[in-house]
Every structure is written in structure tokens, then in C-alpha cells.
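Use these hints to put chain B onto chain A, whose structure you have.
As they're listed, the protein sequences go chains A and B.
Residue numbering for the first sequence follows our numbering, beginning at 163 and increasing consecutively.
Residue numbering for the second sequence follows our numbering, beginning at 25 and increasing consecutively.
In short, the hints are calculated from the structure, not lab data.
Keep in mind it's a predicted model, so treat the numbers as computed, not measured.
For glycine and all other residues, C-beta sits at the position ideal for the given N, C-alpha and C.
Any given hint might turn out to be false.
[As the list claims (entries may be wrong)] Ranges of calculated distance between the beta carbons of each label pair, as one might list FRET restraints:
{"no.": "1", "chain 1": "B", "residue 1": "A204", "chain 2": "A", "residue 2": "P182", "range": "45 to 51 Å"}
{"no.": "2", "chain 1": "A", "residue 1": "I524", "chain 2": "B", "residue 2": "L27", "range": "43 to 49 Å"}
{"no.": "3", "chain 1": "A", "residue 1": "T345", "chain 2": "B", "residue 2": "I60", "range": "54 to 60 Å"}
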Amino acid sequence: MQPATVSQSTGTEFRKHNPPLKWVGQVFLAAVALVAIYILGRNLILGPRIFAQFVISGLQLGFVYALIALGYTMVYGIVKLINFAHGDVFMVGAFTSYYLVERFSLHVWPAAVFPTMNDTLVVVIGTISVIIFAMLICVLLAVTIERVAYKPLRDAPRIAALITAIGVSFFLEYYGALNFVYTPRFIPFMRPFEVAAWYIDPSGIHNIVQGTAPPDNAVTFSNILIIIMITSILVQIFLQFLVRRTKMGIAMRAVSFDKPTARLMGINVDQVISFTFAIGAAFAGLGGVLYAIAYSSINTQMGILPGLKAFVAAVLGGIGSIPGAFVGALIMGQAEALTMGLISTPMRDAVAFTILIFVLLIRPTGIFGEPENEKA
Amino acid sequence: MELGFLVGSIVKIGAILAYLYGLLWVLGHKKWWVKIVGIAAAFTVIQLGLTVVIGGNTLLNDFDSGLLFQAASMTMVALGLNLIYGFNGQFSLGQWGFYGIGAYAAADVTFRWTHGDSRGLIVLGVGAILGGLVLLGINKWLSRYRGVPVMSAFAFYLVGSILVGIVAVGIGNAVDPSIAPLLGSQAEPGPLTQGAWMQIVYFLAVIFAGVFAAEISFLLGIPVLSLGSDYFGIATLGFTIVVNTLMVNSDTILPFPEMKGGRGMIGIPKLTTWFWAFFFMVLVIIIMRNIIHSSTGRTILSVREDETAAKAMGIDIANTKLLAFVIGSLFAGIGGGVYAHYIGFLSPKTFDFLPGFNPMIIVVFGGLGSMTGTIAASFAWIFFLEGMLRVLLSQFGTDAPTWRFVLYPIAILLLMLLKPQGLLGKVEWGFLKAPIVKAREIFSKPVETTSGQ
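Chain A on its own, in the form it takes in the complex (with noise of 0.2 Å):
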């Protein structure tokens, strides 16, 4: 109460800082803002089918990102730490259901085991079981690679713990390169399923018919596009599930909030850490076989970039916030596909690291960041 009053009566308001020259700069923010919207606008009406093709080529991208993205962000909430080591676990998420599909065919394991049983459960079940495979692998590899190379430098200078990710990055990659691992080259990537087509048109939603192109005026969609987009969403849902209302995920918000005191509250820091690295290796596994499924071409360095910009997405809708990197990867994925479509391909990285100047700049916590105070 007291110190209130003293500073009312004072009366030593800090009078509002109007910065000069502040014009200037919402001109060059308008007028970058009206040449993104000419861009976006003129090939809207000039082209909608192709711009409508183009958001659903992003949207698929951008649900890929998101899966990523969710590692990246959980795990710089509570260790600050970049894990440039994620996109390549997302890549052996890949090649394991690669191995899975194409050496041991477990995505039919169901009908060896069941003959009778119906081709589309078949598929299905196969295919889940290929993914929580990967997934399962993608999470033992990552908490390996949490104790062996982040553990023991958590009191060191955050710089080292930072170059070791970059160490195990360039492990998993070139190891990954060796012949007898996985290879260097390029593979093709066998879906356990079969791909199917739809396009929309004015008279509704029609099936492709293999070998028949659709009409002109129509968009198409796959399969693929709406898995992806199913599972992307109910792993948001499940994870805010898990960080709203279980005890790890109070645990969790906890320890990303003050470690030490955390600690104090009877939290197993370690093992909380431990589980975040989990969950978000298992998702990206998740994303490494949509990816691999969507796009049907895998490598060792598959994951560096898909990797960096779903860490871009992570810092674009705020780090730390599990819907903010959703809605952060979803625009990282519009963008990159609309640029590739309507600017020209070589400029997406471009683009997409310019708006994430441009956010940073406006809002310097990311759109659903909480503005956090440097220094008390």
C-alpha cells in the first residue's frame, strides 16, 4: 500500500517515449506489406486454381513443419538449447520405415499373420505399425543422444552444449552416408500404401481415375495430404492434452519455467528432460515417414533443412508455445510454397528467413511468445 501512494504522490510518471522518425518506418513495413499482397493478390485472380493448388502443396509442407516444429520448441522451452541433432533424427525416422517397408515388409505384416483379414485394415494397421516403429526408434536414439552428449554439459557454457549438437548432426548424417548404414545416394521410397487422388471442382469432389487427367478448372488432393493433416492435428491436441493436464506435463511447464526451483519441488529434472527429448524425437519420427511418404525421395541429409525450418517455425509463432509453433510451421509452409510457385523456387529460403526477420522485428517474441524480461 505504502509504496503506491509514494509513488503517486511523487508524480514521476516516465513520460511516453515517442520515438522520432517512427513513420519512416511503418512506410517501409506498408510498403513491403503491399507488395507481399500485390504478389499474393494479382495471382489469386489471375490464377486461382494454380494459387489454391500451391496452399494445398503448403499445407501439406507446412503439417509436416509443425511435427517437426514441436521438438524444437519443447525442448528450447526447458533447456534453451537449439538441437540441430532433431532434423536428423526426423531423417532416421525416415530410413527406419524405409528398412521396415522395404526390407522386412512389415507394413503387411497383418495379412501373413491374418489371411482373412480385409485389405484396407491391412494397410492400415500396417502402417501404423511401421510408424510406431520408427517412432520408437527415433525416441531411443534421442535420449541416447540426450545422455551421452547434452547431459553432461548441462552447467557448461550453453555454447558447447550447442557445438555438440552440431557434432551429433554431422554424425548422424555421415554416418548415415557410410555404405554399409544407409548410403549417400538418393532413394526412392516405397509407400506402404496406395496413393489416392481427388479433385475438386465446382460440381463437387470427384475421384481420379488412374491414367485420366482431371479437369482444367479442378484442384487435386491426395491421401497423403489428409493423413498428414489428421495425425499433424491430433498430436497438437495430444500434446496439449499431455502439457495441460498431466502431472509430466505440469512437470514439464514447471521445469521450463525455473529448473532450480523445480528441483526444489520435488521434480526428477533429469528425467523430465529426458521425456521432453522423447516426445519430441517421437514426433519427428512421426514427420520423417509422412515426409518420406509425401515425397517419396529420402537421403542422410534430408532432415538439415525441413530441421532448420521447423526450427524457424518454432521461433516465427513464439518458442517455447506448442500452438505457436503450429501456426508458425503452417506459415513457414504457405510461404515456401507459394514462393516456390509464384516468385520463383531458389527464393523460398529466402523468403521464408525474411519473414522471420520481419516477425522478430515486430513482435520479438514470436506471434504467441510471452514477452519475457532479459534482464530483472
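Relative to chain A, chain B alone:
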């Protein structure tokens, strides 16, 4: 056989470290003539190794001399990064991009010059000088207003640099016809493409390329440095990726058909002799040391240690960060120019963002905030990697490059686990030590008193 390579690499690294220790000791000697003789001797030792032929081979074979040149340019890049990250605490992953910009800009100038086109040098030179003046002028003008928003400042700088670019290209197109006849063509070199002229053009190209990289870093730094540390790292990493993308598409998106996009730029005149590499390296070392041990350097250090306290002491945080970033990129640009003219071939693959982590790894290995550590680590790191490759080649054949990158991360991991502060910590050798100012010298000066007391 493998053991021979291994022992050989270790001996080489030891010799190089002894050489660097000697060089730094000589540079830091008090008597000026010892300095000059010593520097000349340090230069001559390697030069003799490169030229003296014994039994049909030079003392230092092509492989080792190549590593020396690479290490010299890497030293500049890593020193620049150490200024940005080690001394100023800004986690930058953009150093490799500036290195690439310097390399491509310098290479383009001399390439065009030898192909009868003087516009490269004129545009880059005018752009670098005029651009620097304009950027500084805008900076001076903006500093009259307090607290100009980042976005507004950036808009001014951007418009200024675009205008400068237009003017520079205009001047280049206007002046070129009068110089071009003197250049001849590639088949028949004109008077200006031979001997000393070429050396001058090379020198200017490298310096201007460095300044150009510094100006780009200024433009990038204005918006990006105001982000937090990790965000800054990601944004600069993005910059490296964007630069690399532009290199891959330099003949389609950018109007530089001679850079040949993803196929790589060939036919760059190999003008970097050991003299130039040594000259630029020592120049960068001297500039770096003098910055660090000056009041500017202490300002830079104070920003790393505690921004709030530094601000309370009246230090302009934003400008200090920008200064360190720009100088660091200048070094990277110069290193790039030296590298391009040694290797004679530039491929965008070299400037991919994955090797872009190398300067950061070198700086952390050498010890953050240790100039000696950075210099020693640059040399040791390159010799270590290549020595390892030789050892592995005899063992694994064509898989060796991959095996190298399997073992190399393990080495990184072990080093980080065992010695997270870096190899040399804060040790400095000879020249790079903080100058010892004796107490007597300070107190013997008459204390200036303000009038009116």
C-alpha cells in the same frame, strides 16, 4: 604407412604452432627493428619452403602449401567471428556468408579485369567507398535523433545503399569504355593486366570485397542485431543460406553470367602468393589486437559481459554490436578474397551453410575471447582434418571423406565434454597479450584538474 601420415601431421601441427608462437613473439617485441626483421624472417621461412626445390620437389609440397593458404584465410574468418562472438557475445552463424560474399566479389573483379572488363573494379570500388560514406553519413545524421526505431533506420540505410548501387553502376558504365582498350583481352593482355598493375588490382579487389562484405553486414546487422542472441544466430544462419542460394543462381537471379551459378566459377586468376596471404593475415591480426586492447575493444567486451551495466555506463549498445559485427565481416570478406585467388575456382558448395559451422567450431575450440587460440586453432584444425583424411584414405579408400566426418564429430564431442572452455581458454601469446602499463607511467603524468575548483 598410416602411422607415417599420422606422425607427420602431428609434427606439422607442432611446427606450425611453434611458427605462430615465434611470429606473435616477434610482433610483440619492443624494438621496432626486431619486429621488421622478425616479420621478414617469418615470411621468408615459408617462402623458401615454397620455392626451394630439393630432389625435384619443393620443401613444402603442394598439399601442405595449399593447407597453409587455406589456414591463413581461415584465420581471418575465425578472428572476425571471435570478435563478433568471442568478444562481443553475438552468436553469429553468418560469417560463412560474408566469407562467400568476399570471395565472389573479389574473384569477379579480377576475372572481369583479365577479360577486358573494368566495370567490376570500378563498380565495386565506387560502391564500397561511396557506400561506406553514405552509410556513415546516414548513421551520423540519425544519431541526432534519439531512439529512432530499427525499421525506420533500416529503411534509410536500404534506400541509401540502393541509390549508391545505381550511381556506382552508372559510373562504371560511363568510365569503362575509356579503360577497356588498355585491358586487352584474355588472349592478348593489355598494359593494365600485367605485372605490378595486376597486383594493385588484386589488392584493391580484396580490400573492396572486404569493405563490400562489411557494408552488407551493416545492412543485415541493423535489423538483425536487435533480436535476442539465439534469434540472431538463426537469422544469420538464414542469411548464409540465402547467400548460398544466390550463389547457386548467380547466373539466373543475379546478373553475373561469369559466376556460372551452381557449376562454379572457374578461371579466376591465381594471384594470391604467400606474400599476400601473409600480408593480409598479419594485417588482420594487428588490426584485431589493436582494436581489442583499445577503449573500443573494452567497450565491445563490456557489452558481452553485461549489457545492462554497459548501458548504465553510457555505452551505446546497438552501435557497439554493429561495430563488432561489421569489423568481423570485413575480416571474413578479406579472407574470402584471399581464398578465391588462391584456389582459382569457386563453387557454391564451398559456401554451403554446413561448413559454415566450421569457423564457430574453430573459435570455440581455440577458446572464446582468445585471439591466440583462434589463430592456432585455425591452423591446427585444417591440418588435423586433412591429416585425418590422408590417414583414412589409406584405410578406407573412397569412403574416407565420409569417415572423416564420422570421426570428426566424435573428436568435437570429446573435446567439448572434456574441455568446454576451449583448448587455450584465455591464454594469449606475445603480441596479443594485453599491454602492461606500469603504475609509475600512469601516476607520473600530471593529473589534469578541471578549472573552477
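Here is how each hint holds up against the structure:
1. Between B/A204 and A/P182 the beta carbons are some 47 Å apart, a value that agrees with the proposed interval 45 to 51 Å.
2. Hint check: A/I524 to B/L27, Cβ distance near 60 Å, so the stated range 43 to 49 Å is violated.
3. Distance hint check: the CB atoms of A/T345 and B/I60 are about 57 Å apart, consistent with the given range 54 to 60 Å.
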